[in-house]
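For this one, chain S is given, so just place chains X, A, Y and E on it according to the hints.
Chain by chain, the residues run as shown.
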Amino acid sequence: MAEKLWRVTMSPHLRDGTSTSSIMWTVFCALLPQLGLSAWVFGPRVLLLAGVSIGSALLAEWAVRKAMGRDNTVTDGSAALTGLLLAYVLPPGVPLDLPFWGAVFSVCIAKQLFGGLGFNFFNPALMGRAFLAVGFPVAMTTAWIMPQFPGFLSSLAAPDAVATATPLYVLKHAGLAEFLREFGNSRGWAALILGFRPGCIGETSPVLLLLGGGWLLYKRIITWHVPASMLAAVALLAWVFGPEGWFTGPVLPHLFSGGLFLGAFFMATDYVTSPSRPRAKLIFGAGCGALTMLIRLKGGYPEGVCYAILLMNCLSPVLDDWIRPRRFAPPLQCEPGKKP
Amino acid sequence: MTRRALSAALAALLLLALALPAHAAGLVRAGAVADEHHITLELAGSLAAGWDWPGNVSVTERESPDIPLTVTGVEISPDRTELTLAVAEPVAEQGAYRVALRHVEIGGVGSEIERFLVRKGVLATLLSIVISAALIQNFVFSRYLGLCIFFGASGRKETAVGMGFSFGLVMTLSAAFVWAMYNFVLRPLHLEFLQVLTFVGIIAIFVQLLDTVLRKVNPFLFKKLGVYLVLITTNCIILAVPLILVGNAYDLWESLALAIGSAAGFALALFLMACVRERLELADVPEVFRGLPIAFLAAGLFALAFLGFSGMSF
Amino acid sequence: MSSTLRTFSLGGVHPPGRKAPAAGLAIEVLPAPAEYVVPLLQHCGAPAMPLVKKGEAVAEGQCIGAVEKGLGASVHSPCTGKVTGLTRTPNPFLGLVPAVAIEPDPEAAPFAPLPTDWEAMEACDILGRIKAAGVVGMGGAGFPTHIKLCPPPGLTVDTFIANGVECESYLAADHRLMLERTADVVQGVRILRKVLGVERALIGVEANKPDAIAALLAAVEAAGEGGRISVEPLAVKYPQGSEKQLISALTGRNVPAGGLPAHVGCVVQNVGTCVAVYEAVALGRPCYERVVTVAGAGVARPANLLCRVGTSVQNLVDHLGGVRDEAVKCVLGGPMMGLAVQNLDYRVTKATSGVLLLTADETETGGFGPCIRCGRCLDACPMGLEPRDISIYAERGRFADTARFGLWDCFECGSCAYVCPAKRPLVQFIRASKLRLRCRG
Amino acid sequence: MSNERSYTLLERLGNGLVKENPIFKLALSMCPAVAMTNSVRNGFLLGLAVLFVQVASNVTVSILRRGIHERIRIPAYIIIIATWVSVSDMGLAAYAPGFYKEIALYVKLIVVFAIIISRLEVFASRNPILPSLYDGLGMGLGFMFGLMLVGCFREFLGAGTLWGFEILPFKPFFFWSLPPAGFFAIGLIMALFIWLERKFNAWRAKR
Amino acid sequence: MKEFLKIAANLLAICLVSAGLLGGIFIHTEAARLRNEEARLTTSMRRYLPKGAEAAFSPIHRYLVEEAGLEPGVGYLLPTRTGHALLVLDPEGNVLHRAEVDAPLDSEAEREEALAHVLPGARLHFADTYILALGPDGRRLASFISGRTTGFKTWVKLLVALGPDNGVLGLEVLEHEEDPGLGAEIEQEYFRNQFTGRTLEQLARLGVVKLPLPDDYRRCLERSRWAERGLDAAQEHEVCAKFGGEDIHAITGATISSRRVTDGVKRLAGAFVRRMDMVTAAAAKAGLEPAF
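Going down the list, the protein sequences come from chains S, X, A, Y and E.
Take the first sequence: its letters are residues 200 to 539, numbered as in this note's numbering.
Take the second sequence: its letters are residues 17 to 330, numbered as in this note's numbering.
Take the third sequence: its letters are residues 5 to 445, numbered as in this note's numbering.
Take the fourth sequence: its letters are residues 99 to 305, numbered as in this note's numbering.
Take the fifth sequence: its letters are residues -18 to 273, numbered as in this note's numbering.
These are computed hints drawn from the structure, not numbers from a lab.
What you were told as hints is all true, and nothing was included just to trick you.
Taking lysine to any residue and the SDA-like style, the derived pairs with C-alpha atoms no more than 20 Å apart in a straight line are: (1) S:Lys497 with X:Arg135; (2) X:Lys136 with S:Gly441; (3) X:Lys136 with S:Leu496; (4) E:Lys(-17) with Y:Glu168; (5) X:Lys240 with X:Leu284; (6) A:Lys438 with A:Phe403.
From a predicted model like this one, the values you see are computed outputs, not experimental measurements.
In isolation and in its complexed conformation, chain S is listed as follows:
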């Protein structure tokens, strides 16, 4: 018998079942229900947009890695996830070249040039969105679509909502009264919570996003810290800084009518660009929430989740640096004679 060749590797010889790609694809799947809903209410073109976005992200990843002479990482799922998330933060009516350019920017500039997965310090999908928001401002602010419903559900549509205005736009520029007139009844609330309202492809349905997020929590892919503190910060600040004075603000509209759930569960929890320790995550989430409200109430845009997360991304290396794991025990003092 020939001498058997044994494989020699370092310990440990057991590995947990999760892998980078399994995590990425799990997140990907957790996002899909919302895509289905969007395709249903905004039309199947949404699927085309998502397809272009994912396809160009994969293509860009392959091409840029090839150009740099590096190994192929298309299968690890991170590029596909970036593509999907990018599509999720686009209005459903944008032209098809937007997701392409956005994905190329996200993957090439925001991620691969900085060393690829693990070294991008801004969330690539959100960076792609920020890039598109300045590069294609008109499409990014006007390409909203009124949700269309199959007959039996048409009663869920908010009655006479202004086309091409997202709920947050109404809230910011027409005021709370107008918002409540459009969405204030039970049908309006149902539309907001279930996702039958104009908005970005992936942000409309808090329920489905919460389901997906819950699944990720259950699978322990994300922890509760970031989403909880982000939602709490938004709710608290929305309540405190009300339009009518202190502690009068509308909490629910701010929670349910923007991209908060998408941001809190799927964007701000991105491993690479958020800090790792629980305490740092709490601060990070609270910061995201606070900046979101700052932009919504005082800033130039109706929605602030994207920029809030990007701005907190700047801080996550700092938070990682400041908040370190608690060591098992302090080092031994230089008095060996005494018990510490």
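Leaving out everything else, chains X, A, Y and E in the frame of chain S:
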């Protein structure tokens, strides 16, 4: 402990500054622009019953007392100590508005005509200058100034902190000096054309002075900050701030606020960039992008992220 | 239920137990092989100096290697026979080490025990016996026991802990010992308690071995030690078998970084060591035998083998019917901390707790990806260190920067690498950093 | 002075334009390179102002180099630069008011451009007038070249025009004419420079 | 000490020389700057005048006049047939003060000095300047009103040109900080020119609609761009007449900016007309003969 108490007190003060608009001694205690079409007035007492607004309220911009704005409604709070005036023309938080109430009786005191100037409080103005200079109009990421030093001193965190600190020191002191120089010497003597020369001279002298004093008084601090002092003279921000404060005709406090805000914004930018660059050293950046090119791209991404602050107003 | 059980506070992971076949198999005695090659160095420290020459006849239990100074333990002949040569043999941790090759004499009489009334002996005499018998930690590290039993001057010890945790997957050697030689374990604990002069003794056993717990409780009662030796069930979590984690779980005391268990008043010994101590002190039999679990889907028949030091791994495997074709990896020790070896010529030492023959399904063999900063390793690390940052810095060759992330506190339990989704060889990076810094410093 | 090497005009120009290009190689005075380069024209005009200040102060310092006391070197240089900057500021305000409005702040900020003072310190203070003049020309042109290159890149991609002339009937990438794009443009062009240089060096080594 | 003196002298010499140099250049360039600035302004304003019309530009400076305890008055420094006069009106248009001003008024400093002389004790704040283009007979050919209004982000500075009948001749956006590609489009011809030709009455009722700009209307608004391949004069006239009576078409994606600018134009023009009426009436009452 004391540090925590101090920062808490500071935070409380800032909140207070935000919360409290201008105060006055008359029958109207305070007023503020609530939103685009509403001005709220806080009365010193409760408004006597029977007063009705048509014909008794006028609102004008401060600059145009002769062009009345159209008041479309007045809402009186249940306890009759707050009035909300609805105005047809858009009003801005940054603007100043004259409000006149006629034939009112407030808290038992009657007045034929009660005038009040609605505008932002001093502290709120200063705070908004600081925040604007630090974040909204961040010199590095939104105005693209001070980049040489930004890229030069953001390699390590310690360097960034040292630079940020020395910069803040020089910036604040020289802004005060420049303000005085401009308002008491250059302007009265109509020597505005010597602006650049004097400003840069003041800054250079200041840096030299600080260098000399620090070297003698606190060699330790000098060892830490000395290197940066020389560099400061070639930082665009150090000259841009005086030019801006002169251009906007700021008063001393506003000038100081601008200086502090821009120094804080610069220090923040340096620090964030240093954190990122320290991490980038570990990254597998393509060969040709190592060093400055990738730092530029990173700064570009920062600039995109900082667009989130654009259009913000306090 | 398990949540009420005690365990250590920080980190930890739950690798699959996979103890099922071996844990149910009684210890079986391995027949004597054709040749023993006894390594003179079986743990980090100074090698023992050989006391025999080629051709010399030795008796079973005769001291063949002694350590004059430094960290070390003496080595004894596992059989009666003839020294065929002084050679070198590979050790997975230590490289090639000096060894004594002995050819056993098949007709020799078995070792005759020399019962002693240890209760009448002085503590220092007992310690002397333990040292002479070359007892070392049987848990895996093989640290000489007599040294651990002499805490540095100035430190007082108030608790003795017997480590019956056996948190590594597959391994069942300690489990079987606790079941089959329960009384000897308890006696060993009593001896060690006497040596240390402490009242309190704890035996920590993970709750996945209820039979062992029951047996120990009964044996403690039988020995009349009910109030003084307590058997503590612990929640199942890796690496509870590590000294510091076990102390933390049982007493809530945390050994300071760079400190010894004695700094918090504890001494920990493996239950296997307790048995060896019992044999050495009460029966006068030196330490040259141990139970080795042979397991994994790659072995024809898993078993717990009582084998003697110097037996080759090949002998063990052959005795059990050889290797299956699917086996790809041979690991000496547990799957989390043991070392993979490139052939089966390795010799059983006093510290060899297991021989695992793993198939590709059981073990990770692929490459690794970039760190995605998920932070799982930070959560898993039982010492609260930052393996992520150590690995990233080490990957870029910046070893000097790794120290501030707790490099020196790492005992390489592998929890971080176990959970890493990018399959990064974190332990390897840590070891490389330590090596590099040691060489330089 | 110690440095008695003779410099020719050509050598200095090559040095400023390529070998020590202030923007792509020395990475000095990046502020205008980011903020003022969304059109070639702005780049050219600001470059012109820098060229003037660089040449004038180089010559001035070279003339005065023995008269300026060592201890007050830096303040003296700054005053000299500030003088020439004020001159160009006033000149532009008077004779090119339309253009001046766009770049007013940056013209004043030329005072603190690191490239100018560093050339004074490194070159002009140690060399006679003529080489200093050449060096100023080289550096100023190099700076102008850098600004115009970035300007070309951004104006063409951003507006589809060059120097205001329509090249493409549409705007390929509106993004590039926005201020933050300056960072990206410079980063990419810098990398391109490095790449070309490597290729060139490899090619020369092979020869 | 000697060393120190030497250094100081050295530095002082450099400073003095450069200050002297700058002074000289300043005197020379300042005059040129003012001349050029004015020339630039008048050329840009002349575009709104009938071709070949002879016009003189004369400014009306508006001040806020504050006297202790009184509602602030509005002071107008206006050209008269004989020189200049200061007319201070209360908000209702009643004359509070009038004074002839006979001093050079070219620069802000000179004006301040002159006003302090005729109205001692009062606090004057400069508010803004209206520029009137007057024909040879003193008729108003155009009025230029600059002022600022809130935009979507910060302030927008506008210049509105009104004709003799107070219809809009044109609109220019002088400064703004709107988003590029969105609000910043207010500076484009296709938006600004929509105001051209609106009468004062139309302006007062002008709204903003969120409808896409019709293509041929855009062609006729973007005169400079479509000059060579656009419509002929008759078609252009027809299109402008068709759409000119409608509301302003908002910029895509920047409805708010469009609305704010429209509001601003309405307000600036309205205020100007009201003030001119008040000034004319008050001047007649006060026996002044304004130059317009």
